[in-house]
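Protein chains: 2
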Amino acid sequence: MVASEVRALFAVASRPEIVSLAGGMPNVAALPLEQLGDLVKDVVSEEGATALQYGSAQGDPVLREQICEYMTLEGVRASPDDLIVTVGSQQALDLVTRVFVDPGDVVLTEAPTYVTAINTFAAFQADIRHVGMDDEGVVPEELEEALVRAELDGRPVKFFYTIPNFQNPAGITMSAERRARVMEACERHDVLVVEDNPYGLLRYDGEPEPTLYSQGSGNVIYLGSLSKTLSPGLRIGWALAPAAVRAKLVLAAESAMLSHSTFNQLVVRRYLNTFPWKEQIKAFNSMYGERRDAMLGSLDAMMPAGCTWTRPEGGFFVWATLPEGIDAKAMLPRALNERVAYVPGTGFYADERGRDSMRLSFCYPTPEQIREGVRRLVAAIEGEIDLRDTFGPAIPTPTEGSQAPTPDLP
Amino acid sequence: MVASEVRALFAVASRPEIVSLAGGMPNVAALPLEQLGDLVKDVVSEEGATALQYGSAQGDPVLREQICEYMTLEGVRASPDDLIVTVGSQQALDLVTRVFVDPGDVVLTEAPTYVTAINTFAAFQADIRHVGMDDEGVVPEELEEALVRAELDGRPVKFFYTIPNFQNPAGITMSAERRARVMEACERHDVLVVEDNPYGLLRYDGEPEPTLYSQGSGNVIYLGSLSKTLSPGLRIGWALAPAAVRAKLVLAAESAMLSHSTFNQLVVRRYLNTFPWKEQIKAFNSMYGERRDAMLGSLDAMMPAGCTWTRPEGGFFVWATLPEGIDAKAMLPRALNERVAYVPGTGFYADERGRDSMRLSFCYPTPEQIREGVRRLVAAIEGEIDLRDTFGPAIPTPTEGSQAPTPDLP
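As you go down the protein sequences, you meet chains A and B in turn.
Last residue of the first sequence? That's 410 in my numbering, and every number before it is there in order.
Last residue of the second sequence? That's 820 in my numbering, and every number before it is there in order.
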């Protein structure tokens, strides 16, 4: 395991004078905290003897039914029996990896991908292999090539890990055509798909694509979470898996923590039962959509020539690529000096890629802060361009083609 | 991994007509639920923007300070830097195992020992070797023998796992002299000790013994929990470990769940800050002590000749051994028919031992229920004795000496 670059950065990025475009924290202050306070009080005073007691390793049965109802909003039809409640979807990913991955097994992921997923796969000594993306998501030819290469190497591919909606960090959504091709390839090669979908309901424009789970035939493990649509502090995520896999996940969960917090599960149960939670998601979408627009508008207006970036239809993140010869990681001290933070692209790869890229998040700062943050970022980039033009490029120009997402700007 | 016998039993044992002496659930209904309701409300309405947000993988810094203060009651002096907050002490044990154990590594435990610890060690493919106990705890000669045998086998012993106070399931407390000898042997063989102490503050008579941690020189990982002194539904446990180990545990925790629930941590922070929690522990001790007395009194008054049992000074459990030729697991259907449940001893061993034993818990039922439960248990045992006397013993008499705890009855 290696310490995550994202975490290390948080220490600096949390200084008040810095506009942080680095973190992926949802804006929970927008929740109606007084009403939620009354809700949690009722859980303890009315159901305390249950809420404060041990629960089952699979999770509260009523909550599992409610989560199935929640998932119908994404077109997922599932039985509560196939669901396990986890400590955020991170624990679900960890349990899946623990159940499936032996040292040296191949795990395929998009390039770039979620930093803590890389850490988890690495912790179980997986052979992490990236598959390139363009602006429609993972490139099918590259996925096919990776599957064939692993077969030729005699190395079992345990699963393909994908975040199809508003991908973290790239902000890219997999198109319908790509989804069908991904499912076809994975079924043909008899490879499991792990579909991580924490952001799916946070869509600000465009139409939703069907989940991979709903297109699969028992070869998809679906990971969900309330961390972005309610609160990450409650740590309610889940995995939906075929019965044989789900049984193994429940045993692994029992070993990992005995049971999740009954208290938190009963709080969420009551929230989903009594709160206008669909209206809350709409309110989040309105707020985050405005922030996304502020970021894209500022980037359009201010970024120097040679910079490109993605245009997410939802979620929290934009992925930006710098002009030739500019190193996002080397630039970070200058950016912090300009009082803006981001996450350098290298953190999102298991290999050496990503030096020319960065993840910019628009979930936490206000639109005004985002505009100011981009202004400062542009100042840092222009400083690096000056440096490059004076002393030459800091890094060799990347030669491979599709390793970073193609921006959809002209 | 194998499904735990304890869990499987819970389904039947939770029927209302059954007196369950099986579970290890604390009696959380004894908590002042109205006041705790107000407390959780204040956490959300006053600190919601923090409580509902992501936290750090190591745990809230203020809570870590408070836990160090809490541990001084057990004579443990520690720095908050060396502490990691976990999802119950079960997650702490899982993370320790994950960090240290490779397939085939030896883990030493008491015989019998905590069922979910066995499951966790087995999940990481440890070679689990038991060390016998008598009424003063683990037998030093057997520990020495196990350490030497592993060396002769060329197999690294990763740690010795022990529950020194009111052991689960045996109810035995390790004497001061034994603690010193255990520490001496483990230090001499350069073996880590994992000290699991969830029940330490639940003492109903006698004087506390010093923790192994306080006698160690950096070779003890100490696991603690608020599950028995406050609530298991909040899932607040911890590990205290030397800096190098602690850093690895934090990375493993980040991979396992990103961070624990900030909400739960802030609830416990406020509880420890504003509640008379030492008085609450005294109230628990008074209640549990009465239940322990009800169980020992009933056993003394009613158990048939040839039965023996331990006399715990605290905690939740009595370990009972049946007369020659009676099989506790085979007897369970008869006991359930008599409307009483217990956990057969076999669940607490990684090998075939424990058929003549059972764990009886006194934490959850009332004294009246306990007396009725023992009455029913005695009826079941007498039925089995009749059967044995008619058809002969169901199992061969065990031949080894100290595999089961020596009862301290005459």
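The hints are simulated quantities; they were obtained by calculation from the structure and are not laboratory data.
Please note that the accuracy of each hint is not assured.
Unchecked claim - 30 Å max Cα-Cα, derived DSBU-like pairs, lysine-lysine:
1) A/Lys248 to B/Lys688
2) A/Lys248 to B/Lys692
3) B/Lys739 to A/Lys329
Said to hold, decoys possible - Pair by pair, the computed Cβ-Cβ distance ranges are:
4) A/Arg15 to B/Ala653: 18 to 28 Å
5) B/Glu782 to A/Met287: 32 to 42 Å
6) B/Asn683 to A/Met287: 26 to 36 Å
7) B/Ala654 to A/Ala283: 40 to 50 Å
8) A/Glu368 to B/Asn683: 31 to 41 Å
9) A/Val62 to B/Ala440: 19 to 29 Å
10) A/Ser217 to B/Pro442: 25 to 35 Å
11) B/Gly802 to A/Ser217: 28 to 38 Å
12) A/Pro304 to B/Asn683: 30 to 40 Å
13) A/Asp293 to B/Pro471: 31 to 41 Å
14) B/Ala654 to A/Arg15: 43 to 53 Å
15) A/Ala379 to B/Asn683: 57 to 67 Å
The beta-carbon is built from N, C-alpha and C at its ideal position, and this holds for glycine as well.
Comparing the hints with the structure gives:
| no. | hint | in the structure |
| --- | --- | --- |
| 1 | A/Lys248 to B/Lys688 | 40 Å, violated |
| 2 | A/Lys248 to B/Lys692 | 40 Å, violated |
| 3 | B/Lys739 to A/Lys329 | 62 Å, violated |
| 4 | A/Arg15 to B/Ala653: 18 to 28 Å | 26 Å, holds |
| 5 | B/Glu782 to A/Met287: 32 to 42 Å | 59 Å, violated |
| 6 | B/Asn683 to A/Met287: 26 to 36 Å | 33 Å, holds |
| 7 | B/Ala654 to A/Ala283: 40 to 50 Å | 46 Å, holds |
| 8 | A/Glu368 to B/Asn683: 31 to 41 Å | 36 Å, holds |
| 9 | A/Val62 to B/Ala440: 19 to 29 Å | 25 Å, holds |
| 10 | A/Ser217 to B/Pro442: 25 to 35 Å | 53 Å, violated |
| 11 | B/Gly802 to A/Ser217: 28 to 38 Å | 55 Å, violated |
| 12 | A/Pro304 to B/Asn683: 30 to 40 Å | 51 Å, violated |
| 13 | A/Asp293 to B/Pro471: 31 to 41 Å | 37 Å, holds |
| 14 | B/Ala654 to A/Arg15: 43 to 53 Å | 29 Å, violated |
| 15 | A/Ala379 to B/Asn683: 57 to 67 Å | 44 Å, violated |
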